[in-house]
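A.B. asks: Could you slot chain D onto chain X? The hints should help.
Protein chains: 2
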Amino acid sequence: MIYGHYDVQPAEPLDKWHSDPFAPEVRDDNLYARGASDMKGQVAAAIDAVESILKTGDLPVNVKFIIEGEEEIGSPHLGPFINEHKELLACDFALNPDTGMTAPDLPTITYALRGLAYFELRVYGPKQDLHSGMYGGAIHNPGQAIAELIAGMHDANGRITLPGFYDSVRALSAEERAEIARLPKTDQWYLEQTGVPALWGESEFSAEERVGGRPTLEVNGLYSGFIGEGSKTVLPAYAMAKISCRLVPDQDPEEVHQQLLQYMEAHAPKSIRWEVINMVGGPPSISDRNSPWAQAYLQAAESAWGVRPAFKREGGSVPVVTDFQQTLGIDVVNMGFGLPNDNVHGPNEKLDLPNWYRGINALIHFFYNLG
Amino acid sequence: MIYGHYDVQPAEPLDKWHSDPFAPEVRDDNLYARGASDMKGQVAAAIDAVESILKTGDLPVNVKFIIEGEEEIGSPHLGPFINEHKELLACDFALNPDTGMTAPDLPTITYALRGLAYFELRVYGPKQDLHSGMYGGAIHNPGQAIAELIAGMHDANGRITLPGFYDSVRALSAEERAEIARLPKTDQWYLEQTGVPALWGESEFSAEERVGGRPTLEVNGLYSGFIGEGSKTVLPAYAMAKISCRLVPDQDPEEVHQQLLQYMEAHAPKSIRWEVINMVGGPPSISDRNSPWAQAYLQAAESAWGVRPAFKREGGSVPVVTDFQQTLGIDVVNMGFGLPNDNVHGPNEKLDLPNWYRGINALIHFFYNLG
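Chains as they are written, first to last, in our numbering: chain X, 965 to 1335; chain D, 965 to 1335.
Treat the hints as calculated values from the structure; they're not laboratory data.
Incorrect hints may have been included.
Unchecked claim - Where chain X lies over chain D, by a calculated footprint (3+ residues, C-beta under 8 Å):
| id | segment |
| --- | --- |
| 1 | 1054 to 1061 |
| 2 | 1102 to 1110 |
| 3 | 1166 to 1175 |
| 4 | 1222 to 1229 |
| 5 | 1235 to 1247 |
| 6 | 1318 to 1328 |
Being a predicted model, the structure only gives us computed values, none of them experimental.
Beta carbons are placed, not taken as given, at the ideal position from N, Cα and C, and that holds for glycine.
With the rest of the complex left out, here is chain X (with noise of 0.2 Å):
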């Protein structure tokens, strides 16, 4: 089973676009619309490969399409529908070409993707706003509390305190540590991209290691007291937080938020009250690079460039692949023709034509190898 979505990130700011977002136009070597590389151009791909060998005789598999209009919002109906057609949606396994090539001519399989465990953190104080004058001192400042809160949530070295944390975590193995050791997204490319003055994070692991297989722990916002202009001496009788984690296999985000309960108990000080409100969450995700599916694809790309796929795993997270395992029992091939220049969810999205052509090979390379 292939997937894929036809739905589009908007174009606006039409302005910077130099052709119309919706008319594809080719300059160089290179199509350029909105679209053009998230993901209409992946679907084309797989689309091409299939009537390309139906041109020249069978297709040595069967092939079942699944494509939605809603992954950029979220694709809040396609987990219910996968659900509800489990029959239907049967097979060996899903190809997911919704993920892209690390480098121009390094083909790669995204064998893991991270999940999410998201919380917003709410420390009371007094039952109002004090002047800080007249009680402060006294009175523990909720801006201070949950400053106090955050900072103990790691340790001098960048690891997460929450009481168990890591227990579930799968270690990277050195086979893995070694293929991420290939990847061009080195510390320096990680300092050239943030223009940050010094990286941060465990330091027992590169920086590409931390962002994909280890699990993290971010503050997505922090709000107490007076924000605006100028000064104004309260005292607040509020802070939040917008805690989130990105969970690696084998974590799971109803026990990251006990996690997070737990030490909240032990560490929330008698002189403020606190509640944890638990918002969204998804299970990280992990495929099997050893399959006879991610092998197929391993060497029909080998094929294709000329050079050995490497293996990733992604920081971020793509619900719908869980979806396919959980729901399916099936693994999924992470795969894409995509580059990281390609100005996904920007003006001037493209795809690289030549790399294109060279992934629909791969796929006929790979159908076969299948079959």
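C.D. replies: Same frame as chain X, but now just chain D:
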């Protein structure tokens, strides 16, 4: 010289008043009107005391009044005016009836006011907001970094860790602590007023000592990333905290600014950039409890109420007192007849008339005691 101000806070919300805020009305023993307690009533008491002495003979001392109309907006023109008219304002000391009584039947001399130093701490991470999945684990999150920095500004005993922060702090004497222990603002009072589950702060001092006699560092505001409803998996580029210190004698706002910079230089991690904006500041003030003026008022108030007045330190700041002390080189006796339940700045502000008459009586005694 007697200080006063005739301006008032806005009377809104008008529908919460039981009578017209600008048509004084006596009900039971109280006069209800905006400014009745803060501080037209206090100014009137001083004028009435002088007038009543003049009706029966000569004033035993020379009196100057300095009455302004900008106190509620921070007296922007008073400091420069004092500076330009030192000769006109020359006097032995100032009486400031703009502080109140700490409890009914307990006349009070406020002999110390805290100063203020207000900062904005800005922490910069990546050059733009990042996808928390694609970069989380490799980049130091500015929301987390600012939490770590804020958490480090106090130790486990509630003491501020800025280098040298307590070096200039004048210790509370055993006599002062005994005076403060007489005040009705017990730890229990602070608990009830604020509704917090437990108090917080330097454990070797009572809440009232901490608020009046000890310096503080407060988070007045805290911001980073996404703080709207719902979830957004952003790794923020920026975090900000409004931080203010209430200062006690003999601290200096600029000294504290330098201490904060030193703290940041010592503790800010290499993975972020930061800056400290120095916003507003005012020095603390303390008056001599044993000056002839303070003792004269002490005896006068004891005569009027039949109870020895309390000496208290106030947690807030009254900049004009420092102007008098520093520009004119005179001491200030801070007193007044307002009560804690006068609804100052709120609807139905009132003045307790029997107490107010005792106040006029106290002032008459005071002028004779001085003479």
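A.B. asks: Work down the list of hints and note, for each, if the structure agrees.
C.D. replies: Checked hints:
1. 1054 to 1061: With 0 residues close enough to chain X, the hint is violated.
2. 1102 to 1110: This one holds; 7 residues, not fewer than the three required, reach chain X with a Cβ under 8 Å.
3. 1166 to 1175: holds (count 5)
4. 1222 to 1229: The restraint on the segment 1222 to 1229 of chain D is violated, since only 0 of its residues have a Cβ under 8 Å from chain X and three are required.
5. 1235 to 1247: Check passed, 5 qualifying residues.
6. 1318 to 1328: Our answer is that it is violated, as 0 residues pass the Cβ test (under 8 Å) against chain X, missing three.
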